[in-house]
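Chains as they are written, first to last, in my numbering: chain A, 10 to 243; chain B, 28 to 259; chain C, 1436 to 1678.
Hints are supplied without guarantee of correctness; some may be wrong.
Claimed, not checked - Listed next, the in silico DMTMM-like pairs over lysine to aspartate or glutamate satisfying Cα-Cα at most 20 Å (straight line): (1) Lys97/B x Asp1673/C; (2) Lys97/B x Asp235/B; (3) Lys245/B x Glu60/B; (4) Lys1533/C x Glu163/B; (5) Lys1533/C x Asp98/A; (6) Lys24/A x Glu248/B; (7) Lys97/B x Glu1678/C.
Hints are computed from structural coordinates only; laboratory data are not their basis.
For reference, the chains in residue letters:
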Amino acid sequence: MIITVRKLVKRFGLKTVLRGMDFSVAPGEFVALLGPNGAGKTTFLRILASLSRPTIGQVSIAGYSLPHQAAAVRRRLGVVSHLPLLYGDLTADENLRFFARMYDIPQADKRISDVLEMVGLASRRRDLVRTFSRGMQQRLAIGRAVLHDPEVMLFDEPHTGLDQDACQMLDTVLQEVAARGRTVVMTSHDLARVGDLASRFDILSRGVITSSIQRSEIDPNNLLAYYRQAIAEA
Amino acid sequence: MESKPRMLVILDVITSLLFLTAVGMVFFYAPLEAVMGQVQRVFYFHVANAWVGMLGFMVAAISGIAYLRKGDRKWDIVGLSAIEISFVFFFTAIVSGSIWARGSWGTWWTWDPRLTTAAICELVYAAYFLLRQGIEDPDRRARFGAVYAILSFISVPLTFISIRIFRTIHPVIIGAGGSGAEGSFDMSPRMLHTFIFSLITFSIIFADLLWHRIRLGKLAEEAENLRLKTLQ
Amino acid sequence: MEPISQAEKQLTRKSSAPGFGQFIRAVSAIIWKDLAAELRSRELLSAMLVFALLVILIFNFALELDASTRAAVTAGVLWVTFAFAGTLGLNRSMAMEKDRGCLDGLLLAPVDRSAIYFGKAVGNLIFMLIVEAIVLPVYSVLYSVNLFNPGLLLVILLGSIGYVAVGTLLSSMAVQTRTRDVLLPVLLFPLVIPILIAAVKGSTGFLQGVDSVDIRPWINLLLVYDVIFIAASFMVFDYIVEE
C-alpha cells in the first residue's frame, strides 16, 4: 500500500471533521473520492498533502509517515487544488523554473520543456500566467505538480470552473499522468468525468469512508445511482 | 459543571481580607508623606498594579510557549485570561500613575520610561485582542495569540531600555524630578511594610482573578462543545 | 512497486533531510521570484514610493521644516515615512502569496519552512532598501540636507533589518485573518518602537556630528534587537504557517 491512513481524526477547535477514517491505496490505483459538501474531502486531501496535521491517527505515504517525515513525503507528492498556485506576474517558463529550483530538480531545462509539451502549453511558455485562461492555468498547475516526477498525485476538484473544452483537455492530461503508473487520489463533484478516469470510487460522508467500490464492480453509467444510494445509507 | 472548588472559595476569602487590610494599611498605617501629602498614597497600589501587569504578561508568554509545544487548549485559556487581567491592572497603574504625576508635578502625564512602557503594553494587549478577534478557527487563534504574546513580551524589555536611554541622554523638561516612584522620597519602615504588603496582596488578587477567569474560559468551551454536539 | 528494503529506507531517509545547500537554493529562488515578479508589475515599489513621497510632502506642511528645526526632525520624518511605507510593502508581499494560494505551493516544497521566512524577509528588505535609496536623495534635494553619511546609512540598514524581521512574521499572521491589512500596523508598531527610537536617535546623532560615544548605545540596541528578533521570528514561523 502506497497510502495508508488509520483512524484519522481531524478537529478544528471543537468541531470534528474527520472521525476515525481508514483509507488505503495500492500503487497505481486511481481513486475518486466522492462525497457531499462539508464531508471533509478537502480537509482530508490537505492532510495527505502535508498541509494540515492530523489531530489523531496515522498517515503514511510511500513509506514515510506524516507529520514527522513530511519533507520526505512532499518530495514524492504532486498536488493540484482548485486554486492554481501559480504566480501571475511570471511567465509559464519562469513559474516552472521557480518550482524546479524549490524541488531541486536536475536537468531542469529539459524537464520543463517536456512538461510544457505534455500539458500542451509549449507555445505559450513565454507568456505571463495572468494572461492564461482558467483551463490553461489548471494545465500548467498540473505541469507544476508533475515536474519532480512524484509517485503520488492529489487532485482537489480540478474541473472546477472549467468549460467543456477545457475539461476535455484536462482529462487528456489526467489520463497521461495516470498512465505512467502514478497513484492518484482525486476528489470531485463531477461524477460523469471521474467515471471515465478512476479505477476505484470511495464515498466520504460525515467524516468517514462509508463505501468503496472497484470500477469492475459497477457500470460507470450507474455511478450516480450508486452515489445517491451510498449517501442515503450513510 | 462543577461548583466552585473549595480552594477557590478559600482563596476568594483570603483575597478579600488581604485587600481590605491593604487598603487599611495604605490609609491608616502608612504615615503621611511630608512633601506630597495624601496623593502619595497612590504609590503603593500604583507599583503593585504595574508589577502584576508585568507578571501577567510573563504568564501569558510562558503559556504561549507551552501551548505551542503541547497543543493543549488549556494553555490558550490561561494566556488569554492572563492578558485580560493584566490589561485591567496596567490600566489602573496608568491611571494611578497619572494621578501621581498630577500630584507631584502638576501634569497628567510624563514620558517616564515606566509609564510609557505601561502604555505601550496596553496597546500591545489591545493588538492581541484585535488579532484574536479576526480569526475564526480556534486552533489558529490560539497559535497566533501565543506567538504574539511571546514576541511582544520579548520586545518589552528592549522598549523599556530604549526609552530609558532616550531619557538619560535627553531629559524631558516636565517631570525632571526622576523616573516616577522610586528615588523621589525615602521610605520609612512603615511605608516599606505597606509597600511590600500591597505587592503581595496584588499578586494574590491576580492569582485569584486568573483562576476565576480560567474557570470561565473552560465553562465557555464546555458550553460551545455542547452546542456543537446538539447541532451535529 | 516492490517493498522497499530496510537498507534502502535508511539511505533514502538520510537524503530526504534537506541539506543546507538546498536551503540556500530555496531561499534564493524565493528572493529571485519576488524580484522578478516585481520587476514586471512594479506594483509594490511604485505604491511604496509614491506613498513615501506623499508622506514627506505632508510633513512639509504639517511641521515647520525651516532650516533650524529641520536638522532636529529629519531623522524622525524619514523614519515615520519608512515605517508607514514599509507596512504597505509587507502587506502586499504576503497578500500576493495568500491570494492565489501560492503559500500552499511554497509549503508543499520539500524544504524547511524557515526557508520561506528568510526568502520573504530578504525580499522585503530589498524592497524597503530600494525605497529608502530613492527617498534619501529626494529628501536631500528638497530640503538641502546632506544625507550621504555612512553612519546614517548604517543605522538605516540595521533598522530596516529589524523592522523587516518582525514585519515579515507578523504580516504572515495578519494575512490569514479577516482584518488583514488593517491589522499589520496595529501588531507591528508597538513591537518596533525600540527600532524607531534607536534609529531616529542614531540617525540624528550622525547627522549632527555627535560624539560616537553617544551614538554607540543606539547602534548596540539595534544590533541586539536585530539578532533577537531574527532568531525569535524564525523559530516561531513554523507555527504560523502550519495548520
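A quick look at each hint next to the structure:
With a C-alpha separation of about 15 Å, the suggested pair Lys97/B and Asp1673/C falls inside the 20 Å cut-off, and the hint holds. Distance check on the hinted pair: Lys97/B and Asp235/B sit about 25 Å apart at the alpha-carbon level, beyond 20 Å; violated. The suggested pairing of Lys245/B with Glu60/B is violated, with an alpha-carbon distance near 46 Å, which exceeds 20 Å. Taking the CA atoms of Lys1533/C and Glu163/B, the gap is about 17 Å. The hint holds against a cut of 20 Å.
Distance restraint check for Lys1533/C and Asp98/A: the Cα-Cα separation of roughly 15 Å lies within the 20 Å cut-off, and the hinted pair is therefore satisfied. Using a Cα cut-off of 20 Å, the hinted pair Lys24/A and Glu248/B holds, with the two alpha carbons roughly 12 Å apart. Among the hinted pairs, Lys97/B with Glu1678/C is consistent with the structure: their alpha-carbon atoms are about 14 Å apart, no more than 20 Å.
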